[in-house]
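S.K.: These protein sequence lines are chains V and F, in that order. Using the working numbering, the first residue of the first sequence is number 1, and each one after it goes up by one. Using the working numbering, the first residue of the second sequence is number 1, and each one after it goes up by one.
Be a bit skeptical, because a hint or two may be false.
Note that the list lumps identical chains together, so a pair holds whenever it fits in one copy or between two copies.
Said to hold, decoys possible - Subject to a maximum C-alpha distance of 25 angstroms in a straight line, what follows is the list of computed DMTMM-like cross-link-like pairs (lysine to aspartate or glutamate):
no., residue 1, residue 2
1, Lys166, Asp58
2, Lys220, Asp104
3, Lys111, Asp204
4, Lys163, Asp41
5, Lys232, Glu200
6, Lys53, Asp161
No lab work stands behind these hints, which were simulated from the structure alone.
Number of protein chains: 2
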Amino acid sequence: MEKMNLNKHISGQFNAELDDIRNRVLAMGGLVERQLEQSLDALSSLDAELAQKVIEGDHRVNGMEVSIDEECTRIIAKRQPAASDLRLIIAISKTIADLERIGDACVRIAKAALDKRTNNQQPLLVSIDNMGRHATRMLHSTLDALARMDAENALELHKEDAKLDKEYEGIIRQLMTYMMEDPRSIPGVLDVLWAARAIERVGDRCKNICEYIIYYVKGKDVRHTSYEDMEKDVNS
Amino acid sequence: MEKMNLNKHISGQFNAELDDIRNRVLAMGGLVERQLEQSLDALSSLDAELAQKVIEGDHRVNGMEVSIDEECTRIIAKRQPAASDLRLIIAISKTIADLERIGDACVRIAKAALDKRTNNQQPLLVSIDNMGRHATRMLHSTLDALARMDAENALELHKEDAKLDKEYEGIIRQLMTYMMEDPRSIPGVLDVLWAARAIERVGDRCKNICEYIIYYVKGKDVRHTSYEDMEKDVNS
Chain V
1 MEKMNLNKHI SGQFNAELDD IRNRVLAMGG LVERQLEQSL DALSSLDAEL AQKVIEGDHR
61 VNGMEVSIDE ECTRIIAKRQ PAASDLRLII AISKTIADLE RIGDACVRIA KAALDKRTNN
121 QQPLLVSIDN MGRHATRMLH STLDALARMD AENALELHKE DAKLDKEYEG IIRQLMTYMM
181 EDPRSIPGVL DVLWAARAIE RVGDRCKNIC EYIIYYVKGK DVRHTSYEDM EKDVNS
Chain F
1 MEKMNLNKHI SGQFNAELDD IRNRVLAMGG LVERQLEQSL DALSSLDAEL AQKVIEGDHR
61 VNGMEVSIDE ECTRIIAKRQ PAASDLRLII AISKTIADLE RIGDACVRIA KAALDKRTNN
121 QQPLLVSIDN MGRHATRMLH STLDALARMD AENALELHKE DAKLDKEYEG IIRQLMTYMM
181 EDPRSIPGVL DVLWAARAIE RVGDRCKNIC EYIIYYVKGK DVRHTSYEDM EKDVNS
């Protein structure tokens, strides 16, 4: 928080508004994190009731995206923010889009839990669960970096995604072997495959959010740049 | 164009700036459209050279996203736009994110063309190609609606995505049968499956862009609403 300019504003109301959208994004992040945990719980224990709860909960995530986005536009129009205030609002408006898509990934995982065909894929579900917990930790740390607007941490997390990708590749190979050995398992394994894919995308979304954190703190758009260049920007 | 407020501005320079980012988004759209066509050409004819060209061309798409986004932020900070001008800039800044992701989808399709394992999947490639051309037409019409900021057309296109989804489901079933009949084909078929998935996502991205068009023209955020509600907003 010490890096933020909140106290520089003459308008106390403007401060309150910026504080408010920051809190709302973090609340949305918390909700998405719970959705992810519950979707993984539902998949590992094939708990249809919990899966249904995750699917039904997605409209709350969507609603938060729309209302925070609306508030961002309102603040831009009313307060005409510049410099770091404007960057904060832009970073928030991009972050909520990625959080909403993580919410969609949770729905996809929950749907795999509902599918009867996955019931026979217990050994695969263990690998998926490990990968899912890894993604959950990554999301948790990303939200932490977001709460503290910590660019150094965001850079570290950005690297972490490569590990999740490796894990994903391993699972895809495992699923392929499985299908080749027992072609009847193919429909069920494909459901698991979509869940794995959804989890892999959670990592990508976290990586995006980390880029917005760096953009806010350092004023540099680091999308599509190499890790080395990003490191230079963060340490400059 | 008649719906736009470009001529209302006292500042001719501001007009020119808004015109300029609109043109740049359309140019980016044109580039992405060519990337999509060429990636599909590369896949249907298994043309490695063309596939490589698509993969290498993606950095231009990325570069356009970053530079247009930068320009949007600059205009917000400098011109403090409100109402429809602000909506235009927000719609553009969201559109380029989706265009960039369509660019990523093209890379994924091109990579499937490079993979030797897909060589034996000719019958599948025909289905993929049909679906791909459907997605290309959808992208073309979406960019058209964007150029004319035509909300009615955007609403029509939004519906179109459901047809693409149906086509995708048919392909997935076809791929599944294929794999079950000949398990040795699984790795190659999975490559085709990723390409199909990438094409299906192009439709989703077009749908998003249509929502931004409606947002700009009608001032209503129609994300996550039903088709009926959307129709009411467009016709109001």
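S.K.: Looking at the structure, which of the earlier hints fail to hold?
M.R.: 5 and 6
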